[in-house]
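J.: Below are the chains, spelled out letter by letter.
2 protein chains.
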Amino acid sequence: MTSLMNKQWIKAATPKGAIQASDFALRSSPIPQVDAGQFLVQTHYLSVAPVMRRYLIDGAGIEAPLKIGDVMLGRGVGRIVESKSKAWPVGTFVQGKLGWQEYSLQSEGQTPLMYPVRQTTAPLSTALGVLGMTGYTAYCALKDIANPKEGEIALVSGAMGGVGSIAVQVARLMGCTVIGVAGTDEKCNTLTNELGCAAAINYKTDNLTEVLVRHAPKGIDVFFDNVGGEILDHALGNLAQYARIVSCGRISQYLNESPYSLENWGQIGAKRAKMQGFFVYDYEPLFAEAETVMAQWIAEGALHYREDILEGIEQMPHALMRLYEGKNIGKQIVKVYD
Amino acid sequence: MTSLMNKQWIKAATPKGAIQASDFALRSSPIPQVDAGQFLVQTHYLSVAPVMRRYLIDGAGIEAPLKIGDVMLGRGVGRIVESKSKAWPVGTFVQGKLGWQEYSLQSEGQTPLMYPVRQTTAPLSTALGVLGMTGYTAYCALKDIANPKEGEIALVSGAMGGVGSIAVQVARLMGCTVIGVAGTDEKCNTLTNELGCAAAINYKTDNLTEVLVRHAPKGIDVFFDNVGGEILDHALGNLAQYARIVSCGRISQYLNESPYSLENWGQIGAKRAKMQGFFVYDYEPLFAEAETVMAQWIAEGALHYREDILEGIEQMPHALMRLYEGKNIGKQIVKVYD
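Chains as they are written, first to last, in this note's numbering: chain A, 1 to 338; chain B, 1 to 338.
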């Protein structure tokens with residue numbers, strides 16, 4: 001170990017609107033002592049995701065809400081540097097809930113969401129992205145909820161985000177013609193030129209319905225929604241019969257005080273469609289398949305991933321703010337230790 | 001045949017708001033001649049359903065829109081009185097798309113939605129209700145989309161309507177604690193006193209969310225929605241995790257010029273719930289099971305049905321208006337011939 005202290009980001013305030021640097025504080029604590037059945041993980045990379053803002057507010061319905069002074073929650077990948085657990089020996093690379101800190105103490109009995117990193121061909125950071133929960137989200141949601149058939153049309157919102165940029169490719173590799181929705185022309189160009197989208201929509205300048213009617217005159221069969229709100233409304237207004245909507249994220253709403261008023265909800269019934277919420281940890285039995293299939297696609301050059309890596313744990317609040325500013329291209333990651 | 005003429009209701013106008021008698025006109029036409037492969041059905045009972053208003057406007061997405069002068073569409077049950085088809089002999093009782101008329105000419109090659117009535121213990125009219133598409137709708141939607149587990153809580157809107165009054169009982173017989181939503185205290189009393197609901201909500205006088213929080217503090221697991229709009233919004237705001245919502249009908253919306261603005265749509269994602277549109281003819285493979293199981297429940301006295309039967313084909317427009325006025329109790333039927 002190169003340091004005897006453990007840098008940690010703690011909650012300093014509950015955000016009211018947009019995330020601010022002052023919602024967090026950086027502190028140094030002693031590295032905790034390892035007792036029987038415990039092991040210490042040194043963080044190599046930390047994941048950054050939109051849902052983290054809600055960890056500060058209400059726990060997002062999946063975590064206990066954070067109090068002022070609590071270490072910020074989040075997933076990371078790291079290496080076991082000290083262990084008093086036979087199941088988790090020193091040297092093992094793991095991914096799991098490490099928190100925004102350089103070192104985390106884990107207990108073998110309390111680690112249902114800690115996974116060893118098995119693959120060795122791709123960089124370690126992919127365990128936070130394409131070969132981790134981000135990629136598993138895209139794969140499992142498409143496989144289980146959307147279950148696309150060859151030749152169907154899939155729409156993906158937030159298409160250049162962490163999950164979205166994998167979802168567009170997985171949908172294509174599952175046989176779909178894919179339309180991506182993003183917020184800049186640069187992102188739209190990447191979608192059509194590099195990620196195999198048949199068309200891309202800039203939701204800030206294009207009329208969504210107009211583009212959908214042009215590219216999907218019979219309606220969309222699959223909608224992988226990371227955004228919600230107005231984009232969802234347009235998608236609902238242009239559904240094909242028996243469409244499947246994966247409700248994966250609602251980034252358009254996380255900053256809103258009052259929710260978007262959805263008008264085309266009746267189309268779910270009228271089109272005999274299905275809209276279903278998705279939570280990746282419900283799909284653990286599919287993870288091994290997702291890893292195998294996607295690792296193969298990567299090896300064949302069929303599946304590309306992008307990581308947007310900032311350096312240094314000090315960057316964490318800034319990295320989270322970038323997501324809400326739409327600045328990241330691909331999975332937002334912070335490198336903590338090499 | 002007792003008459004040489006065929007009374008028919010035709011479309012006279014496209015309704016703008018509520019259905020009016022003047023949207024229809026009654027005419028007498030000669031009974032059509034039966035050619036090879038055809039058969040003539042004498043209507044005994046006609047079904048009345050909210051969706052029929054939309055047949056006049058846009059076909060409801062399932063029929064070609066009616067033109068002025070076309071015979072009004074609708075299902076009925078009757079007897080084959082003349083036949084030049086070996087597959088459909090004289091004397092067979094059938095249910096299917098007879099239209100609002102005393103006699104209908106059917107062709108053996110064009111009758112995928114014509115079914116012989118096989119059961120003989122219950123009255124013929126049940127083929128339009130509990131032992132026909134109305135009952136199959138309740139059974140198939142609950143079985144396939146909701147798939148309730150013992151002890152779960154089910155909410156049914158439009159609970160004293162044709163589909164709803166069967167859905168509350170089928171949900172109970174599948175193991176649910178059932179809460180019904182209706183629009184009068186009289187209907188609410190019937191729900192709790194006769195149909196086995198644990199609670200009933202009068203949506204015109206009760207605060208839905210208040211009642212739901214009291215009777216389903218952990219949220220509702222199944223929502224069988226015949227109404228949409230504000231009731232759907234309350235239900236979405238009170239979902240249990242992994243809730244299933246059957247989007248069966250939207251009677252609150254059929255008269256609205258502009259759709260209800262739904263606020264709690266994000267709960268579908270947040271609660272990992274599923275909302276799915278239902279169309280009964282997609283479930284034909286389940287019809288035989290539905291008929292067998294529900295006939296058995298009726299024989300055991302476990303499943304009750306109510307029919308609201310008006311006499312005479314002249315009553316058809318009035319019968320349809322009654323649905324929108326909430327006056328019917330149970331399946332609305334018109335007896336055309338005894």
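Everything labelled a hint here was simulated from the structure, so no lab data went into it.
One should not assume that every hint holds.
What the hints assert, rightly or not - Here are the in silico distance ranges between beta carbons for each label pair: (1) 68(A) <-> 327(B): 35 to 45 Å; (2) 68(A) <-> 237(B): 55 to 65 Å; (3) 206(A) <-> 64(B): 31 to 41 Å; (4) 64(B) <-> 16(A): 30 to 40 Å; (5) 175(B) <-> 194(A): 31 to 41 Å; (6) 13(B) <-> 14(A): 42 to 52 Å; (7) 151(B) <-> 282(A): 56 to 66 Å; (8) 237(B) <-> 97(A): 27 to 37 Å; (9) 97(A) <-> 64(B): 52 to 62 Å; (10) 58(B) <-> 255(A): 35 to 45 Å.
Said to hold, decoys possible - Taking lysine-lysine and the DSSO-like style, the derived pairs with C-alpha atoms no more than 27 Å apart in a straight line are: (11) 271(B) <-> 67(A); (12) 97(A) <-> 271(B); (13) 97(B) <-> 143(A); (14) 97(A) <-> 86(A).
We put the beta carbon where it would ideally sit given N, CA and C, even for glycine.
J.: Verify the proposed pairing of residue 97(A) with residue 86(A), using a straight-line Cα cut of 27 Å.
T.: holds (20 Å)
J.: Within 52 to 62 Å or not, the Cβ separation of residue 97(A) and residue 64(B)?
T.: holds (56 Å)
J.: For the range 31 to 41 Å, tell me whether the beta carbons of residue 175(B) and residue 194(A) fit it or not.
T.: violated (51 Å)
J.: Has the hinted range 30 to 40 Å been met by the Cβ atoms of residue 64(B) and residue 16(A)?
T.: violated (54 Å)
J.: Do the beta carbons of residue 13(B) and residue 14(A) sit within 42 to 52 Å of each other?
T.: Given a distance of about 58 Å, which is not inside 42 to 52 Å, the answer is violated.
J.: Given the hinted pair residue 97(A) and residue 271(B), is their alpha-carbon gap at most 27 Å?
T.: holds (22 Å)
J.: Between the beta carbons of residue 237(B) and residue 97(A), is the distance compatible with 27 to 37 Å?
T.: 30 Å Cβ-Cβ, so the 27 to 37 Å window holds.
J.: Does the Cβ distance between residue 68(A) and residue 237(B) fall inside 55 to 65 Å?
T.: Roughly 29 Å apart at Cβ, these two residues miss the hinted range, so it is violated.
J.: Would you check the hint for residue 271(B) and residue 67(A), treating anything up to 27 Å between C-alpha atoms as holding?
T.: holds (23 Å)
J.: Does the structure keep residue 97(B) and residue 143(A) at a Cα separation of 27 Å or less?
T.: violated (38 Å)
J.: Could you say whether the range 31 to 41 Å given as a hint is met by the Cβ separation of residue 206(A) and residue 64(B)?
T.: 34 Å Cβ-Cβ, so the 31 to 41 Å window holds.
J.: In this structure, is the beta-carbon distance linking residue 151(B) and residue 282(A) contained in 56 to 66 Å?
T.: With a Cβ separation near 21 Å, residue 151(B) and residue 282(A) fall outside 56 to 66 Å, so the hint is violated.
Going down the numbered hints, you'll see the structure goes against 1, 2, 4, 5, 6, 7 and 13, while the others check out.
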